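*Asks:* With the hints as extra help, turn the sequences into a complete structure.
Listed here are the chains, written in short residue letters.
Protein chains: 2
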Amino acid sequence: MSDTHDRFERLNVAPAYQMVADAIEREIIQGRIRPGEPIGTESELVRQFGVNRSTVREGIRVLEQGGLISRDSSRRLFACGPHHNRLASRLSRALVLQEVTFRELYETSMVLELASIEQAVERATEKNIAELSENVAKTEAAIDDPARIAELNSEFHALIAKASQNRVLQLAREPTGLLFFPTTEVICRKVAEGALRMIEANRMMLKAIKARDKKSAILWMRRQVDDWRKGFERTGKTLDEAVDKSYLRAATR
Amino acid sequence: MSDTHDRFERLNVAPAYQMVADAIEREIIQGRIRPGEPIGTESELVRQFGVNRSTVREGIRVLEQGGLISRDSSRRLFACGPHHNRLASRLSRALVLQEVTFRELYETSMVLELASIEQAVERATEKNIAELSENVAKTEAAIDDPARIAELNSEFHALIAKASQNRVLQLAREPTGLLFFPTTEVICRKVAEGALRMIEANRMMLKAIKARDKKSAILWMRRQVDDWRKGFERTGKTLDEAVDKSYLRAATR
DNA sequence: ACCAATTTGTCCGTATGTATG
DNA sequence: TCATACATACGGACAAATTGG
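Chains A and B supply the protein sequences, listed in that same order. Following this note's numbering from start to finish, the first sequence increments by one per residue and tops out at 344. Following this note's numbering from start to finish, the second sequence increments by one per residue and tops out at 344.
Derived by calculation from the structure, the hints in this document are not laboratory data. Certain hints may be false.
Copies of the same chain look alike in the list, so a pair counts if it works inside one copy or between any two.
Said to hold, decoys possible - Subject to a maximum C-alpha distance of 25 angstroms in a straight line, what follows is the list of computed DMTMM-like cross-link-like pairs (lysine to aspartate or glutamate):
| id | residue 1 | residue 2 |
| --- | --- | --- |
| 1 | K328 | D236 |
| 2 | K305 | D331 |
| 3 | K321 | E213 |
| 4 | K305 | D317 |
| 5 | K218 | D331 |
| 6 | K321 | E332 |
| 7 | K328 | E213 |
| 8 | K218 | E190 |
| 9 | K306 | D317 |
| 10 | K306 | E324 |
| 11 | K321 | E209 |
| 12 | K321 | E217 |
| 13 | K229 | E284 |
| 14 | K321 | D163 |
| 15 | K306 | E217 |
| 16 | K305 | E209 |
| 17 | K306 | E209 |
| 18 | K305 | E225 |
Keep in mind that this is a model prediction, so the values were computed, not measured.
*Replies:* This is the structure:
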């Protein structure tokens with residue numbers, strides 16, 4: 092052992108593939124590569140970074156998975172503003188793996204959906220309202236198809252969030268929506284008047300948004316989320332059981 | 092061209108590395124590999140899947156990035172219940188890339204923080220309260236250090252969410268917290284009484300939680316988030332500008 | 001504390017399928 | 001149609017780090 096001080100700290104050198112990923116990520120986040128712009132071929136990156144092909148490819152996988160880059164039909168690399176879908180379904184998966192309960196889901200959804208519709212009442216554009224109207228019409232036409240109803244209801248809530256013009260809120264509620272609404276199908280099948288009450292609530296929410304009637308909109312949203320809870324319990328399950336992984340299928344791709 | 096029908100559909104064959112990733116992911120999601128359990132060495136996987144090591148490694152990168160597996164200090168692979176941290180910072184990044192405004196952040200944070208404290212008042216355990224007390228004590232001791240104050244305040248809110256016992260809510264507020272609270276440092280520097288009001292609010296929230304006084308707790312939380320908005324505007328910025336990428340550094344690792 | 005075996009990180013070269021012009 | 005460029009995948013190799021005796 093030497094009795095001198097270590098002159099240098101240990102260099103914390105990241106693996107090469109990580110540095111490749113970081114370097115490209117930086118360019119995208121800092122806006123020097125805009126979404127849609129090409130990244131270059133693998134050989135190009137090999138040349139620029141001075142590392143091996145395999146190394147570049149590992150870095151690319153990281154970024155692909157992170158949703159920062161993607162490949163088009165011809166497999167050329169380009170930057171892409173990450174679609175939340177991928178992130179949201181990852182989040183949903185994380186929730187399932189943590190074995191969160193339906194109660195946690197219910198409580199959080201209540202908060203997020205109420206916030207969404209409150210802001211939607213204030214800010215919904217004509218376009219938003221048209222989209223919601225179309226959704227309600229489709230739902231009324233699908234009255235006898237539980238799967239379709241559930242899907243449309245899920246879309247209804249996503250449209251509400253969109254109408255809030257608040258992208259943070261939109262992103263925050265997406266993972267819960269992904270897990271929350273698939274159960275509506277089960278409920279529609281088991282509870283006779285379930286679909287009818289759902290449609291009525293959606294119709295009333297749409298009406299309230301048109302009239303900019305915040306109070307009524309919130310009331311009907313609360314009622315619908317509560318209906319979900321009651322319907323859920325009526326299927327014989329308890330709120331304190333963990334969200335099953337089977338609800339993931341609908342969420343992943 | 093033959094005039095016969097195609098007998099077979101085109102096989103949707105995923106790349107090998109993707110199949111490797113999917114196969115391992117399935118095992119984890121289905122619970123056949125529990126969090127903490129080892130996955131095996133790369134050579135092991137090479138043998139089992141019958142593919143090249145480079146291919147295995149690409150698959151591993153995907154899962155690592157997805158937070159499903161990780162390497163411990165000795166770089167051995169093991170499954171891990173995905174820590175939200177990684178997902179949350181990814182979400183934050185997505186928000187920045189979408190150039191969301193501080194207003195969107197503010198509004199959503201208000202909703203999520205209020206919900207957190209409301210549930211925290213109902214359910215905080217002795218342990219939660221002890222953690223919060225310690226945080227408040229540390230904050231009082233750091234009164235002259237804006238960076239430390241901001242960090243501790245961020246932790247305070249995370250602890251509140253933890254005390255809500257609602258993991259869905261916890262996960263939902265994390266990305267916004269990551270972006271929201273770093274700005275408190277700037278505010279503490281620019282607004283003289285900022286730190287003091289922040290500490291007072293935290294102290295009062297803690298007190299309200301101890302007393303199970305929901306009304307007071309919510310009041311002080313609302314006041315603190317509002318203070319944030321006022322302080323933010325006092326720094327000369329407007330709520331309608333986009334959240335800057337500079338706020339990301341604090342968020343990533 | 002040393003050594004041998006294992007494992008990871010990285011690299012090289014090559015073959016094959018596919019998309020584009 | 002053909003040629004070219006490129007992505008995917010493979011086999012093999014070596015140095016550094018880690019493990020376990």
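*Asks:* Tell me, please, which holds for K321 and D163 at an alpha-carbon limit of 25 angstroms: within, between, both or neither?
*Replies:* The answer is neither: 44 angstroms in one copy and 45 angstroms across copies each exceed 25 angstroms.
*Asks:* Under a CA distance limit of 25 angstroms, which applies to K229 and E284: within one copy, between copies, both, or neither?
*Replies:* Within. Shortest intra-copy distance 18 angstroms satisfies the 25 angstroms Cα cut-off; inter-copy 55 angstroms does not.
*Asks:* Is the C-alpha distance from K328 to E213 at most 25 angstroms within one copy, between copies, in both cases, or in neither?
*Replies:* This pair counts as between: shortest inter-copy Cα distance 24 angstroms, intra-copy 37 angstroms.
*Asks:* Treating 25 angstroms as the Cα threshold, decide for K321 and E209: within, between, both or neither.
*Replies:* both (23 angstroms within a copy, 22 angstroms between copies)
*Asks:* Under a CA distance limit of 25 angstroms, which applies to K305 and E209: within one copy, between copies, both, or neither?
*Replies:* So K305 and E209 pass the 25 angstroms test inside a copy (6 angstroms) and across (22 angstroms) alike.
*Asks:* At most 25 angstroms between C-alpha atoms: does K321 with E217 qualify within a copy, between copies, both, or neither?
*Replies:* Neither: 33 angstroms inside a copy, 32 angstroms across copies.
*Asks:* Go through the copies and call it for K328 and D236: within, between, both or neither, with a Cα cutoff of 25 angstroms.
*Replies:* This pair counts as within: shortest intra-copy Cα distance 23 angstroms, inter-copy 51 angstroms.
*Asks:* For K321 vs E213, is the C-alpha pair at or below 25 angstroms within one copy, between two copies, both, or neither?
*Replies:* The answer is between: 22 angstroms across copies meets 25 angstroms, while 29 angstroms in one copy does not.
*Asks:* Indicate which option fits the pair K218, D331 if close means a Cα-Cα distance not exceeding 25 angstroms: within, between, both or neither.
*Replies:* between (39 angstroms within a copy, 22 angstroms between copies)
*Asks:* Go through the copies and call it for K305 and E225: within, between, both or neither, with a Cα cutoff of 25 angstroms.
*Replies:* within (21 angstroms within a copy, 41 angstroms between copies)
*Asks:* For the identical chains here, do K306 and D317 meet the 25 angstroms Cα criterion within one copy, between copies, both, or neither?
*Replies:* Both: 16 angstroms inside a copy, 23 angstroms across copies.
*Asks:* Could you place K305 and D317 in one of the four classes (within, between, both, neither) given a Cα distance threshold of 25 angstroms?
*Replies:* Both ways: K305 and D317 sit 18 angstroms apart in one copy and 22 angstroms across, limit 25 angstroms.
The structure shown violates the earlier hints numbered 10, 12 and 14.
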